[in-house]
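*Asks:* If you want the building blocks of each chain, they are given just below.
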Amino acid sequence: MYAFEFVKPKTVEEAVAALREGEAKVLAGGQTLIPTLKQRLAAPEKLVSLAGVEGLRGIRTGDGVVEIGAGTTHAVIARELAGAVPALAALAGDIGDPAVRNRGTIGGSLANNDPSADWPAAVLGLGATVVTDRREIAADDFFQGLFTTALEEDEIITAVRFPMPKTAAYAKFDQPASRFALVGVFVARLDGNVRVAVTGASENGVFRWQAAEAALGADFAPAAVEALAPPPAEEMISDLHGAGDYRAHLVKVMTKRAVAACG
Amino acid sequence: MVEISMTVNGKPVTAQVEPRTLLVTFLREHLGLTGTHVGCDTSQCGACNVHVNGMLAKSCTMLAVEADGAEIVTIEGMAAPDGTLGVIQQAFQDHHGLQCGFCTPGMVMSAAALLRENPDPSEEEIRAFLEGNLCRCTGYHNIVKAVRAAAEAMG
Numbered sequence: 001m002y003a004f005e006f007v008k009p010k011t012v013e014e015a016v017a018a019l020r021e022g023e024a025k026v027l028a029g030g031q032t033l034i035p036t037l038k039q040r041l042a043a044p045e046k047l048v049s050l051a052g053v054e055g056l057r058g059i060r061t062g063d064g065v066v067e068i069g070a071g072t073t074h075a076v077i078a079r080e081l082a083g084a085v086p087a088l089a090a091l092a093g094d095i096g097d098p099a100v101r102n103r104g105t106i107g108g109s110l111a112n113n114d115p116s117a118d119w120p121a122a123v124l125g126l127g128a129t130v131v132t133d134r135r136e137i138a139a140d141d142f143f144q145g146l147f148t149t150a151l152e153e154d155e156i157i158t159a160v161r162f163p164m165p166k167t168a169a170y171a172k173f174d175q176p177a178s179r180f181a182l183v184g185v186f187v188a189r190l191d192g193n194v195r196v197a198v199t200g201a202s203e204n205g206v207f208r209w210q211a212a213e214a215a216l217g218a219d220f221a222p223a224a225v226e227a228l229a230p231p232p233a234e235e236m237i238s239d240l241h242g243a244g245d246y247r248a249h250l251v252k253v254m255t256k257r258a259v260a261a262c263g
Numbered sequence: 001m002v003e004i005s006m007t008v009n010g011k012p013v014t015a016q017v018e019p020r021t022l023l024v025t026f027l028r029e030h031l032g033l034t035g036t037h038v039g040c041d042t043s044q045c046g047a048c049n050v051h052v053n054g055m056l057a058k059s060c061t062m063l064a065v066e067a068d069g070a071e072i073v074t075i076e077g078m079a080a081p082d083g084t085l086g087v088i089q090q091a092f093q094d095h096h097g098l099q100c101g102f103c104t105p106g107m108v109m110s111a112a113a114l115l116r117e118n119p120d121p122s123e124e125e126i127r128a129f130l131e132g133n134l135c136r137c138t139g140y141h142n143i144v145k146a147v148r149a150a151a152e153a154m155g
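If you read the protein sequences in the order shown, they are chains A and B.
Per my numbering, the first sequence starts with residue 1, numbered consecutively.
Per my numbering, the second sequence starts with residue 1, numbered consecutively.
Take the hints with a grain of salt, since some may be wrong.
Unchecked claim - Partner residues are not named here, just some residues of chain A that face chain B (Cβ under 7 angstroms, in silico): (1) Phe4; (2) Arg20; (3) Ile34; (4) Asn102.
As the list claims (entries may be wrong) - Pair by pair, the computed Cβ-Cβ distance ranges are: (5) A:Arg20 to B:Asp82: 51 to 59 angstroms; (6) B:Met1 to A:Phe147: 45 to 53 angstroms; (7) B:Glu152 to A:Tyr2: 45 to 53 angstroms; (8) B:Arg136 to A:Gln144: 18 to 26 angstroms; (9) A:Gly62 to B:Gly83: 33 to 41 angstroms; (10) A:Glu153 to B:Asp82: 39 to 47 angstroms; (11) B:Glu152 to A:Gln175: 41 to 49 angstroms; (12) A:Arg60 to B:Gly83: 45 to 53 angstroms; (13) B:Glu18 to A:Gly58: 53 to 61 angstroms; (14) B:Gly54 to A:Gly55: 21 to 29 angstroms; (15) B:Asp94 to A:Asp191: 55 to 63 angstroms.
Hints in this document: simulated from the structure, not taken from any laboratory.
Where a beta carbon is used, it is the ideal one built from N, C-alpha and C, also for glycine.
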């Protein structure tokens, strides 16, 4: 790992100011950033730790909304949302392994936007709102391709606001070595519509499978997905873990499983 | 250099470190606590697992400066000061839960974290919790037996 300066601001404003000076990166739980630094794939001059910033952690529910502080760890979400939103709790509880879940945060995962990460599927699948230090970004506008988001260089996610679904479920086919999603599908029934978001599969990162949304809007049953053609194989990731047509097939299978799990 | 202070196995420690120093490097090379192992160095094997403020964490995936002010427990903190093994360690010995022993410190720290949150885990729950601990000898059956035996011994 190359050398860097380490700063630990106490407020979001101080953190944003620190990001504006020099080539800086935000350090949240570090479960992706630290391995990246160790491999010398990134060499920031400065790390701005959010560990000392007040008000970034915790979960608030009410008025049909679940708001999760960006610095809340996967482990806390898995534990505290088990009753209120089981789909989010189950997703959080299946990220990485227990040690990773104790450090990794929802905000860090979203800002990184790994094409195989789990949280992007939940945020896009529920049509959540990403709250930052300066604005609110709709999920449909937030994810912009591999490791790319609508965030500006000095912008920090402070919270994520999810609408409470009628029912929702996440079905994930684990890549057995990394435990990232080889394909993960989040299905949600909200007031008046169905959303289907897919992670792990596409060359462009998380995406909505609109054909499945339309079919499930008319008939919310696994059989409605069975009748569909899978998404185009040439748009899927093709690597040593699975070819494009295999991932396209898995999208369909995991969508059916998620619908079945919605009950 | 940055000054950091933390408690390691009950003892207060203060030191100057570079910000890029990993917690595992600090434990092994600065404090000489070489019981915590670096297995994969890519956040997958769990051999470097320690407890940070009572929570399981990979010390190879955390900076020492992030542990400033924290309470750290390593494998050296699991035995009594006179060397008597802790209940989990003894169960690993009794049930042949270690072969080469390289993964064992991380396995014991994970097992301790599991038993704190779930004192009576099923075999399935033990296997699920140990997902992030790799044993290259593939000695998993006896590791799971040892954790189960430790749960019973701790009552």
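*Asks:* Between arginine 136 of chain B and glutamine 144 of chain A, does the C-beta distance stay in 18 to 26 angstroms?
*Replies:* For arginine 136 of chain B and glutamine 144 of chain A the Cβ distance comes to about 40 angstroms; the hint is violated.
*Asks:* Using the C-beta atoms of methionine 1 of chain B and phenylalanine 147 of chain A, is the stated range 45 to 53 angstroms upheld?
*Replies:* 32 angstroms, violated
*Asks:* Have a go at the phenylalanine 4 of chain A hint: is there a Cβ in chain B nearer than 7 angstroms to its own Cβ?
*Replies:* Given a least distance of 6 angstroms, the restraint on phenylalanine 4 of chain A holds.
*Asks:* Does isoleucine 34 of chain A pass the interface check with chain B, least Cβ-Cβ distance below 7 angstroms?
*Replies:* 5 angstroms, holds
*Asks:* Return holds or violated for the Cβ distance of aspartate 94 of chain B and aspartate 191 of chain A against the range 55 to 63 angstroms.
*Replies:* 58 angstroms, holds
*Asks:* Taking the least C-beta to C-beta distance, is arginine 20 of chain A closer than 7 angstroms to chain B?
*Replies:* 19 angstroms, violated
*Asks:* If I claimed the Cβ atoms of arginine 60 of chain A and glycine 83 of chain B lie 45 to 53 angstroms apart, would that claim hold in this structure?
*Replies:* 49 angstroms, holds
*Asks:* Assuming the hint says 41 to 49 angstroms, is it satisfied by the Cβ distance from glutamate 152 of chain B to glutamine 175 of chain A or not?
*Replies:* 35 angstroms, violated
*Asks:* Take the C-beta atom of glutamate 152 of chain B and the C-beta atom of tyrosine 2 of chain A, compute their distance, and say whether it sits inside 45 to 53 angstroms.
*Replies:* This hint holds: roughly 49 angstroms between Cβ atoms.
*Asks:* Should the hint that arginine 20 of chain A and aspartate 82 of chain B are 51 to 59 angstroms apart at their CB atoms be regarded as holding?
*Replies:* Holds: the Cβ-Cβ distance is about 55 angstroms, inside 51 to 59 angstroms.
*Asks:* Does the beta carbon distance between glutamate 153 of chain A and aspartate 82 of chain B stay inside 39 to 47 angstroms, or does it fall outside?
*Replies:* 55 angstroms, violated
*Asks:* Against the range 53 to 61 angstroms, how does the distance between the Cβ atoms of glutamate 18 of chain B and glycine 58 of chain A compare: consistent or not?
*Replies:* Distance hint for glutamate 18 of chain B, glycine 58 of chain A is violated at roughly 33 angstroms.
Comparing the model with each earlier hint shows violations of hints 2, 6, 8, 9, 10, 11, 13; every other hint is respected.
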